[in-house]
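A.B. asks: Just so you know, the protein sequences line up as chains A and B, in that order.
Just add 8 to wherever you are in the first sequence, counting from 1, and you've got the working numbering.
Just add 1 to wherever you are in the second sequence, counting from 1, and you've got the working numbering.
Honestly, I wouldn't trust all of these hints.
Covered, in the sense of this in silico footprint (three residues per stretch, anywhere, with C-beta under 8 Å from a C-beta of chain B), are these stretches of chain A [unchecked claim]:
1) 66-74
2) 150-156
3) 186-192
Computed Cβ-Cβ distance ranges for the label pairs, DEER-style [unchecked claim]:
4) B/N195 to A/G152: 49 to 57 Å
5) B/V206 to A/I49: 41 to 49 Å
6) A/R171 to B/V11: 57 to 65 Å
7) B/E291 to A/G169: 48 to 56 Å
8) B/R125 to A/R163: 25 to 33 Å
9) B/P164 to A/I259: 40 to 48 Å
10) B/L323 to A/R163: 28 to 36 Å
11) B/V23 to A/R163: 49 to 57 Å
12) A/A57 to B/L300: 30 to 38 Å
13) B/I17 to A/R163: 40 to 48 Å
14) A/I49 to B/L327: 33 to 41 Å
15) B/A18 to A/T224: 36 to 44 Å
Note that these hints are calculated values from the structure, not bench results.
Glycine included, C-beta positions come from ideal geometry on N, C-alpha and C.
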Amino acid sequence: MIALGIVIIFKSTKVFNLAQGHIMMVAVLLGATTSHKFGIIGGMIITIAVMACIALLLERLTLRPLIGQPLVAAFLMTIALSYLLEGGALMVWGEGLYNYPQLFPSEAIMISTIAIEQETLWAFVAVAVIFTAFVLFYRKVLLGKAMRATAEDHRISQSMGIRVTHIFSISWVIAAILAYVASLFLGSISGGHYLNSQLGLKAFPAVLVGGLDSITGAIMGGFIVGLLESFVTGYLSGEMGNVVPFIVLLIVILIKPYGLFGLVRIERI
Amino acid sequence: MARPAGIFDVCYDQDIAIVRTVPQWITLGIFLIFLLLLPQLFPNRYLLNIINTIMIMTISVHGLNILTGFAGQISAGHAAFMGVGAYACASFMTFGGINYWVCIPLSGLTAGLVGILFGLPSLRLKGFYLIMATIAAQFIITAFFLHYKPEIFEGARGMSIKPVQLGNIIFNTQENLYYLIMPIAVIMTCFAQNLVRSRMGRAFVAIRDNDLAAEIMGINLFGYKLRAFFIGCFYAGIAGSLYTAFLRVVRPDQFTLMDSIWLLGIIIIGGMGSILGGILGVIFVRLLDEFVLWLTPSLSTILPADYASRISAAMGLVVFGLVVVLFLILEPRGLAHRWEILKERFRHWPFTYG
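With the sequences and hints as input, model every part of the structure.
C.D. replies: The following block contains the structure:
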């Protein structure tokens, strides 16, 4: 899900958002605290609104001035943002663990002999729904088409009457909302804590294995990396589980630099 | 380069000289003497500790600056290459029984070779993919030291070494360490400054600005990219080996992704593609660190206790993030550019333009 957010931002703005994990962390913490105060539904609405505002602000204040700057600048900006978000979250929420309200029934569902947690099942459903929604959105809706055009070429889409800057903002907001959806599952599995941001790191191999500009790739990459990691953790050792995704990443980008599902750009390097 | 009126270059040697005029030579001499006498002038262990770390980081930052600022190959795994140098130095000393002075260049070479290994993807990768490859290098290298052969690298406990000796001088005080680190830092800075003006340095800049055009101009892209990786990581290795002598213990958690990002932040703050910028950046960030350390206790007296503890934990992160954001927006060319502007102003004062 984080991977999806990164892909959506990258697709339209060509900025690789390293702060996506941190945005999700903020969403978890915010969701946890607001839902205690205003009830589950109220908390959801408030969190989504606040997340969208944060995303808008981040895009407008920090990344807009960098259009036209070299790539390092944007890269470092997202990292600096992630530090800011992490530090800010530490300041506001401290180091405590925040309990998330129970969203899903806790008893596992038995399918013959395999026990599946309900959260996991719901996460699968959510990924499927979001995936189809995005495919439809990009194919059918005018805004989605505009976003695809922007992804193709900023200058031409600008001259065709698409407001590229708006598209940038919209992609950031969508990514923030996706981060919120991801945070729902994360929150109900493990609660809100400022170290949640580390999960963002795991999304990068997923994104790159799948291909930076492909939604299918993001989801498949997520599955591949997640499965590999749990296999390695299960059969070899826990420490190796953190490294294997990166080794796989290195091999994949050496062989197919644009990822397994990425759009191959003809470009001499 | 601007010169005072009436000073002309009459031969090629003068034209390419870095130090051009007599006053410049004098200031350089005074500066070097100042560096030499610094421990005597300020016999303060804490201050010397700061200066030593500044100089070690400067060497490392020069490497990253050559690799990222000049050759344009962004590396987000530079701290890991420092780690390679540090571990190489420690293991050569412990298991090879090699003299520390031989270990310094050897660990530089080792780090350089590992750098070439991870620089290989740079032939096919560009931009974010290369960043990810270097982040992957970062994780793979630290995990290697953490888990591979605990009997050699001692896992999370790290390797420790005896203090470095030269004759009967033992480098265990900050003052002695200063005299170990300072000359190497000066030599490496001088070498970096000259390297970036050489054929190779100009080739790096050409690759950074437009790799296609550079290749058409007859620059062997792959060769020069690998050379950039080698030199950058060589610097990191030297810095790593000095770090070993400085701390006398090498642990994997000294070289995390966070540290790599700090190094990148330093060259942004100092100014990419400027050797002076690297030095300024390190000093600035280090002073900022000290400032935050100094500020936090005084904040805790003003604010309520539970809030203050949160602030102190987050302060470093927020300040660093904020400074990098501000520099990126307001002065993307870094402190070095500011310094140039200041010099111009001074030269033309009281006029606005020269």
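A.B. asks: What are the numbers of the hints the structure violates, in ascending order?
C.D. replies: Numbers 2, 3, 5 and 15 - these are the hints that the structure violates, sorted from lowest upward.
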